Amino acid sequence: MASTAQSIATAPAEDLSMFRLYVLRAVYALIAFGEGSIVVPDLFIHGPTARGVIPAMLSGLCLMCLLGLRYPRQMLPLLLFEMAWKTIWFFAFGLPQYLSGQAPPTFAEDFPAISFGVVLMPLVIPWGYAWRHYVRAAGDRWR
Amino acid sequence: MNGRSKSFWRRGEKEVSLARLYAIRALALLGIWGLFETVRTLVAHAPLDRGVHKALIGGLWVMTIFAFRYPLKMVPILLFEMLWKMIWLMFFGLPQWWSGTGSPLLGEDIWGIGAFPLVCALVIPWGYVWRHYVRAPGERWR
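Line by line, the protein sequences are chains A and B.
Heads up, the first sequence is in the numbering used here, so the first residue is 41 and it goes up one at a time.
Heads up, the second sequence is in the numbering used here, so the first residue is 723 and it goes up one at a time.
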């Protein structure tokens, strides 16, 4: 019993714990199905002159996150991207607009949805793993 | 000479060729350069700008920097690039192009976005994708 609990919570340094894999899968599922249920309908229902870049990008991300359920480790770049764009939005748009009190009409919807990601992503991304594999690891070969 | 060029174009059955790595890196460089125009506007934008589009491009720009160093680990980003641009073409670009009425930026986007699924399809190492994201056993569940 004790050993089972331990194997769920911990793992060798190079590996991700079972707990972390489940957390990652839960986040992929949240993006794929939660965010997906909001953004994918916009592909079908939109004005004839809508530019469509935002729904297309978000829908693409949601679909890719389905792969994350099977390969949570290999699809980590998707979560890093999710964190990057939401953090950028928060500091370049959300926060300044919140503080100034001047915001576009979409703000009331965007601010909580995106800020949630800004808080959630740093909590779920395995930073030790990301550091070792995307910063410290030697880059792919050049010759 | 022959052996050398062979090793550039081919690295055995289960390894991505050096040529392919350079192609991904070239695409990453193109992204770093091409998206920078939008990234610059992150610091100087209209106060009421919604910003989601610019932030998404900004996030992608960050990932292209990683892709330059780790082209293979960032293949999911490349797949995402191809996928969202195909989705855009299917649901926005082509229907608007055919109907003759579309967003004011359609003329620009139809090339800027619409041409890239093809570019991505040519650059993506499909053998690697097949081996790692389809055939490889999924991560453990217990």
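Hints listed in this document are in silico derivations from the structure and should not be mistaken for laboratory results.
Any given hint could be a false lead.
Unchecked claim - Every beta carbon over 12 Å from chain A, so not counted as near; a handful from chain B, in silico:
hint : residue
1    : E735
2    : E737
3    : L752
4    : G756
5    : L794
6    : L800
7    : P826
8    : A837
9    : V845
10   : W848
11   : Y855
12   : R862
Stated by the list, open to error - One side only, chain A facing chain B, incomplete, derived with CB under 10 Å:
hint : residue
13   : D82
14   : Q114
15   : W129
16   : S155
17   : R183
To be verified - What the simulated footprint calls covered on chain A by chain B, stretch by stretch (three residues with Cβ under 8 Å from a Cβ of chain B suffice, anywhere in the stretch; the number is not a length):
hint : region
18   : 67-79
19   : 166-172
Note that the structure is predicted; figures quoted are calculated from it, not measured.
Beta carbons are placed, not taken as given, at the ideal position from N, Cα and C, and that holds for glycine.
Results of checking the hints against the structure:
For B:E735, the requirement that its beta carbon stay farther than 12 Å from each beta carbon of chain A is met, with the minimum near 17 Å. With a minimum CB-CB distance of about 10 Å to chain A, B:E737 fails to clear the 12 Å threshold, and the non-interface call is violated. Every beta carbon of chain A lies more than 12 Å from that of B:L752, the smallest distance being close to 18 Å; the non-interface claim holds. At the 12 Å boundary, the C-beta of B:G756 stays outside the reach of chain A, the nearest C-beta of that chain being 15 Å off.
Residue-level check failed: B:L794 sits 5 Å from the nearest beta carbon of chain A, not beyond 12 Å. Not every CB of chain A lies more than 12 Å from the CB of B:L800, the least distance being 9 Å, so the non-interface label is violated. The Cβ of B:P826 does not lie farther than 12 Å from every Cβ of chain A; its closest approach is about 7 Å, which violates its non-interface assignment. Remark: the non-interface label on B:A837 is consistent with the geometry, its nearest Cβ contact in chain A lying 15 Å away (cut-off 12 Å).
For B:V845, the requirement that its beta carbon stay farther than 12 Å from each beta carbon of chain A is met, with the minimum near 14 Å. Annotated as non-interface, B:W848 keeps its C-beta farther than 12 Å from every C-beta of chain A; the closest such distance is 15 Å. With a minimum CB-CB distance of about 6 Å to chain A, B:Y855 fails to clear the 12 Å threshold, and the non-interface call is violated. Non-interface status of B:R862 relative to chain A is broken: a Cβ of that chain comes within 12 Å, the nearest being about 7 Å off.
Taken as an interface hint, A:D82 checks out: its beta carbon lies about 9 Å from the nearest beta carbon of chain B, inside 10 Å. Residue-level restraint check for A:Q114 holds (minimum Cβ-Cβ distance to chain B is 6 Å; threshold 10 Å). Checking A:W129 against chain B by beta carbon gives a least distance of about 4 Å; that is within 10 Å, so the hint holds. For A:S155, the interface hint is violated, since its Cβ never comes within 10 Å of a Cβ in chain B; the closest pair sits about 12 Å apart.
At a threshold of 10 Å, the smallest CB-CB gap from A:R183 to chain B is about 7 Å, leaving the interface hint in force. Counting residues of the region 67-79 of chain A whose C-beta lies closer than 8 Å to any C-beta of chain B gives 0; at least three are required, and the coverage claim is violated. Counting residues of the region 166-172 of chain A whose CB falls under 8 Å from any CB of chain B gives 0; the rule of at least 3 is not met.
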